[in-house]
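If you're matching them up, the sequences are chains A and B in order.
By the count of the UniProt record's numbering, the first sequence reaches residue 445 at its end, each step adding exactly one.
By the count of the UniProt record's numbering, the second sequence reaches residue 383 at its end, each step adding exactly one.
In case anyone wonders, no lab produced these hints; they're calculated from the structure.
These numbers come from a predicted model, not from an experiment.
We put the beta carbon where it would ideally sit given N, CA and C, even for glycine.
Do not take every clue at face value.
As the list claims (entries may be wrong) - Covered stretches of chain A (in silico footprint by chain B; criterion: 3 or more residues with CB under 8 Å from a CB of chain B, positions within the stretch not fixed):
(1) 278-289
(2) 381-389
Stated by the list, open to error - Straight-line alpha carbon distances no greater than 25 Å define the calculated DSS-like cross-link-like pairs of lysine-lysine that follow:
(3) A:Lys375 with B:Lys287
(4) B:Lys287 with A:Lys395
(5) A:Lys434 with B:Lys287
(6) A:Lys434 with B:Lys226
(7) B:Lys226 with A:Lys375
These are the residues of each chain, in order.
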Amino acid sequence: MEAEHEGSRTMIEEDEILVNGGNDSESRRHRPIISGEQLDVEAYAALYTGRTKISRLLFISEKCGVATMQLEALRMAYDEIKKGENTQLFREVVAKIDGRLGPNYGVDIAWADAVDRRAEMRKEKLENELNAYRTNLIKESIRMGYNDFGDFYYAHGHLGDAFKNYVRARDYCTTSRHVVHMCLNAILVSIEMGHFSHVASYISKAEQSQDALDPVTIAKLRCAAGLAHLDSRKYKLAARKFLETGPELGNNYNEVISPQDIATYGGLCALASFDRSELKSKVIDNINFRDFLELVPEIREAINNFYTSHYASCLEYLGNLKANLLLDIHLHDHVETLYEQIRNKALIQYTHPFVSVDLHMMANAFNTSVTGLEKELAALITNDQIQARIDSHNKILYARHADQRNGTFQRVLQTGCEFDREVRAMLLRANLLKHDFNLKTARRH
Amino acid sequence: MNLNMNSVESLVAQIQGLSGNIAELSQLRTYLKHSDDLLRAESPRLAPVLNELDPSVHSLGYLYILFKEHVLLLEDPIRGVAPLLTALRKLQMSSEQLTTLHPEFLVLCLLSKCYKTGLSILEDDIFEVDQPRDLFLYCYYGGLICIGQKQFWKALELLHNVVTAPMSIISAIAVEAYKKHILVSLIHLGQFSTSLPKYTSSAAQRNLKNFSQPYLELVNSYTTGKISDLEACVQSNQEKFETDNNLGLVKQVVSSLYKRNIQRLTQTYLTLSLQDIANSVHLNSPKEAEMHVLQMIQEGDIYATINQKDGMVRFLEDPEQYNSCEMIEHIDSSIQRIMMLSKKLTGMNETMSCDPAYLGKAGRERQRFDFDDFDTVPTKFNI
């Protein structure tokens, strides 16, 4: 097994050398054509359940900018809301549709009123029940009561109240299973609200009760942690969490995230933040994650192409995905940054093994113009990310190897000068202080 | 001391009598200090008196009469430079001592533009100071002279001394020095750290920034690296710079940004056309870029060759290989210097550890007394 693994690695490396050497017909042969087709809203929405489906649809309708797609998303959101009890959201969506979908998608006042009435009654019932439980001091029932209240508010779209009630149940948890349940509820609501600091804290709470964690719950917690890190722009940590997500997740967490998302989020974060060896060991050789990647072949191809140094096709895959990723409720904010980081890393990795690089060939490999490439490289060199200098006349990039001996001499002399100056300044200050001190004592006498 | 202080004649007699040896000189010094008022009152009559005195013999007295102001009155500051230097050397117990004459001498040097003569006394390391005010002025004027001679490195050091000197209240000298320090730092180093070092007096920490707002704005726009930002900032604060008499330095700051930007290009490129240089540092024409590059090569800021045929500049590495005899001598001399300094430091540390007042205070603060605890030298400098 080990030997075989080694064999495949050397083969990949040979392949890479060939391509880096400028044989770019190789990379063209590899490149299947994928079109930047428009997002299939229906297929996309089918991946999710519950509230996230609605919020994702609404998000798409807001961002897509294409009228047909917008209406399609709104129509599905309308249908979905009708299955639930969130009248407030219902009214908002109806206002957004604005009669454009015909009479079937108008304000259904009768439905809304019926739902509101039922909600009022249910709320009263729940309140009575909870009060009864509280007077009787039955811990388990009180917990259930708060939990029901949380569910009730969640269903009606009062996320803040839902969160409060779920959290209140905490004091009445008697087993670690209850704690985990409470945490999952709190995490779900916090993700909906976009309060990712809560998410992180409830994940760590849930992880404390090890014995009650089954593989599915662990996978759920990993996803949520990944989302929390993604939100705080810690892409490397986010990538780790998504990569640790077990295949048990399946479709069990569709109210938050689909397995496809795991592959996309994890893959992109890993591309942007991992180095080559990590990419190999943690992504490509990761059997668990491979299952996820199979769901989004574009990302899988992008990662493989990146690893085998077919940067142009990697970037092309990513470029095709971009429009759809911008419609993703969690990723849209990070797409630009992630893409920039991936591109920079690709540029850095490309130049790394060479003493000199022909910019024309490199521009080919990245599907860009020589002048554009020169600007990108110049920026990277100024930020000290590439140790090289550009021969702008002959369009060649030369690696720069710092002369350690000269550098040491330079540093030593400079340190000497600084020492000299600082010691003299210090002696002078000390003498001034002494003078000040003398003055005071003289005055005292 | 009960001498007759009433007439200029007796004063002259005293000077002539007491210029013989060191002991008498110090007596004369005290005497002259007492007759300050007289000199002021009699100032119109002093010019002829000068003729009676031989500067080489009676230099101290000569100079007291030849007050800086009088030289100025004669609108001929250069006349005071040489005698004042002689006097200064005679007054000094050692080259490490700062005398009252130091700042006066530097002012004369500044006014008469004898910067080189001024530099000669700035080369001494000053450690012994009687009057902090003398030191402030000495460092400030010294800084100006070094700026005039483009010895920015030394100027920074002197100005830094003023800014960070211990003081209980902020002085105008320190404020002006801080402003100049900012400008020189930008010109010479291309950056300025707005946080003052820890040892700076709290008075300076609190107040300096309030007094030099336009300068700090200048620093901010400089660090963006954009010529347009910097020029806008200079425009909007032009009046303030002008009233501070710093406009010339501010202009040097602007031109140093061009240099800085060109220098940055040398880190990134091996060859670059003059046109590209002009574009990336926002110069109007390749011709102008060529002038800048040429000047920088001359001043040793960059190592490059210009190929006029195709308008290409080739940037080279620093040719210094650190293997010449001169370099070894240079290294050796700085090692010697540093050894000398650290010896001094140790000496001072020892004197301080033996100082009764210090021991008394330190002992009171700490019950258990351990010699090593009172190492006043920061660990950074322990060799």
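Identify every previously stated hint that the structure contradicts and give their numbers, smallest first. 1, 5, 6
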